[in-house]
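Start from chain D and add chain Z according to the hints.
Protein chains: 2
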Amino acid sequence: MDKLTGLREVARDVFKEALRAADPVEAVLRHFRLKEGVLHVGGVDYFLNQFERIYVVGAGKASARMALALEQVLSERVTAGLVITKTGYGERLRRLEVREAGHPLPDEAGLRATDELIEIAKRAGEHDLVLCLISGGGSALLVSPAGNITLAELNRATQVLLASGLPIAEVNTVRKHLSRVKGGRLAEWVYPATLATLILSDVIGDRLDVVASGPTVPDPTSFDDALAVLTRHGLLGQMPASIQELLEKGVKGEWEDTPGPDSEIFQRVQNIVVGSNTMSLEAAEYTARKKGMNPLILSTTVAGEAREIAQFYLALAREVRRKGRPVAAPACLIAGGEPTVTLRGRGKGGRSQELALAVALGLEEIPGTVFLAAGTDGADGPTDAAGAIAATDTLARSRERGLDPCGHLLNNDAYPLFQALNDLIITGPTGTNVMDVHLLLVG
Amino acid sequence: MDKLTGLREVARDVFKEALRAADPVEAVLRHFRLKEGVLHVGGVDYFLNQFERIYVVGAGKASARMALALEQVLSERVTAGLVITKTGYGERLRRLEVREAGHPLPDEAGLRATDELIEIAKRAGEHDLVLCLISGGGSALLVSPAGNITLAELNRATQVLLASGLPIAEVNTVRKHLSRVKGGRLAEWVYPATLATLILSDVIGDRLDVVASGPTVPDPTSFDDALAVLTRHGLLGQMPASIQELLEKGVKGEWEDTPGPDSEIFQRVQNIVVGSNTMSLEAAEYTARKKGMNPLILSTTVAGEAREIAQFYLALAREVRRKGRPVAAPACLIAGGEPTVTLRGRGKGGRSQELALAVALGLEEIPGTVFLAAGTDGADGPTDAAGAIAATDTLARSRERGLDPCGHLLNNDAYPLFQALNDLIITGPTGTNVMDVHLLLVG
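Quick mapping for you: the protein sequence lines, in order, are chains D and Z. Just so we're aligned, residue 4 is where the first sequence starts under the working numbering, counting upward by one. Just so we're aligned, residue 4 is where the second sequence starts under the working numbering, counting upward by one.
I should point out that these hints are in silico values taken from the structure, not numbers from a laboratory. Yeah, the Cβ is synthetic: ideal placement off N, Cα and C, and Gly gets one too. Misleading hints may appear alongside valid ones.
What the hints assert, rightly or not - List time: in silico SDA-like cross-link candidates among lysine to any residue, alpha-carbon distance up to 20 Å:
id, chain 1, residue 1, chain 2, residue 2
1, Z, K326, D, E341
2, Z, K326, D, V213
3, D, K326, Z, Y289
4, Z, K326, D, V276
5, D, K326, Z, I275
6, Z, K326, D, I275
7, Z, K326, D, I300
8, D, K326, Z, A306
9, D, K326, Z, E288
Stated by the list, open to error - Have a look at the derived ranges for each label pair, beta carbon to beta carbon:
id, chain 1, residue 1, chain 2, residue 2, range
10, Z, P419, D, G410, 37 to 43 Å
11, Z, K6, D, P432, 45 to 51 Å
12, Z, K6, D, D227, 25 to 31 Å
13, Z, K293, D, Y289, 33 to 39 Å
14, Z, E257, D, E367, 30 to 36 Å
15, D, G168, Z, I275, 51 to 57 Å
Excised from the complex, chain D in its bound form:
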């Protein structure tokens, strides 16, 4: 087996472990352990005999699979519970109810399921423990408009906000104030019960108040902020009357604001990230080290046009090869995030495959180097691949097959090229999403 083949295998193995750390079942099992009546959740211990009942709530594309793991640990000790997931993402659970609902656009099923979920939260009393399972997609699945706002009005407002090009943080500032569950309000329903939320984070920087709009996380923003966002961008007039009324009430203090960091309700609340891009990269780091590589995590928030970001990875590869910097070979530089692709062609691919192909174009002059880019959800763009692997020999192997790598890149058509080379990463849908993983191996 030649060196590049070996490096490719290491890259695939390292990615596999990164993926495993983000698997909803694995992620929960790693951070949620029951031993001699004590439930260890993250760094906190819950003595189960101090609680009368245990309720479970949750929402997100991974919530059903997270619930599966939770039941595995707690088995019969759960009193009752309900999780909401995207249609088609349900699992057969033993004690917990699963509701499927619309995503990305909230629907009536989500509305009904959220009402059920709030009822459970309200039922929990001072001597009860509520476990909450949150993952990406929860914003749409956990839907309960405040005041007189209808679902149709809420959806219209959301579409206006998303189409405006506002930063997602500002969109969420508004959304949190239109909801009965977002922005920490679910924690209010749970209060005075004890609450532990397990979060599978799909957002850049793992901002807990952003994942699923932070239903159990203190909201740093206020009605004033929400109104300011709409006013500043001239969007207030485009909001339905019911929404304008609610915001006005909120600003006047006639409608209670979302609970902030100082609110007493968070004294019994713990939010624990069980899976995230950071954790997946750390799993990659651990695995790479075990395999004899010198690992270095660069960043979990890589963004930018894929083919240009490729230039930076090439610059790093050259430096490792020639100077042993920033780490000595055999090196495994690790990064994560979500680059973008500006579509120019009509080919088949995704951002990770495009990134890998753009890196491949410069790898020929850097011996013994492999680059892997893949999404943790298993679907890179509209393809059945998670990503692809590029290597020093990708160009040569393409030429042997009569393929033109540059032409494929220009046409956003990385998939057929990597398919012909057998260098696609195929995982199938993983049921999770902690963004993308990039591995640069200089052997």
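Leaving out everything else, chain Z in the frame of chain D:
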């Protein structure tokens, strides 16, 4: 003085030291020392009493200033010599001749000066030492077409090659075979004298055979390669007849090929890099450490569209800020290279100012961070600035002055914004060029 002001000063100081390491006089003085009759050049010692005469030759935009330093060290011991530099870049020297010639397009003055230079090289005998000073621009200044090729024909061929979009390495493969001095041929003229070449490298990756087309460096390419480049890209027919003839002769073995790595003439040749992007970054690293920062050199070969590369720097800044990776704060990440800018607007700026502005757009959410980008030649694009400094407060300070940073970036108009903020880096022409320096400080 607030934290950002302090960090800005550190960044400016670190850049100043990076620049100093690339200064032609400083660079030569650091690697060229005379002590008790022994000349230390890089790692090699030359016992001057073993040599009858010392000749000096050289070419490049920095060659006159390099000669200035050389004379300072050797004073009266130089027998004779001549350096060729770009018109306007001359210096008043004591013993050495300076010729000014055309750049970037070679001219008759360069032709005559190169003839004079070859005469000096030929004059050097077995017991003589030849010191050669090479820097960027030497390719155009050191001009001596082989065979019957005229200057006009050579220039026409060069223009065809450059306009074809060929990689510079392939362009040079052809150019080296059309010359009496490039591709190691100057070393042939010097042979059997001892030769030490001091190189100020302006090329990515410090490929010595690329700087000034490597007049004293073994040429890994052959006439076969040169012909293959032209044939492969369909350019052979566009070459003047004299050039086609020479290449055919070369391929048939009727014209001697450039000397390769195995040629015996290189046994008495030493090529020493005295200044380069790498050395400037290492000076930056040293200075940053002295100032209490944790430095990390990332790469010396950064390329790609400036505003996209900015995203990678932001990803790194976020990671240092939040996780202390890849180094802990106070961190100084250091990189170099030559990003590009696709002009879309009609504003005033350069690639370094554009990069700094694109970084600024994302810095507001990353506290205590400063980013400096500047060219070592002192002229970023068609401006009198070398580059600019961005910081966490750049957006806020822009808004205070009624400036729209995003609009300035879209119009490729970074200069006026940084000028208004007093955040331009102004050095004046530095007489050197080791590409750009990027400093990311997270305090």
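- Query: Can you list which hints this structure breaks, lowest number first?
  - Reply: none
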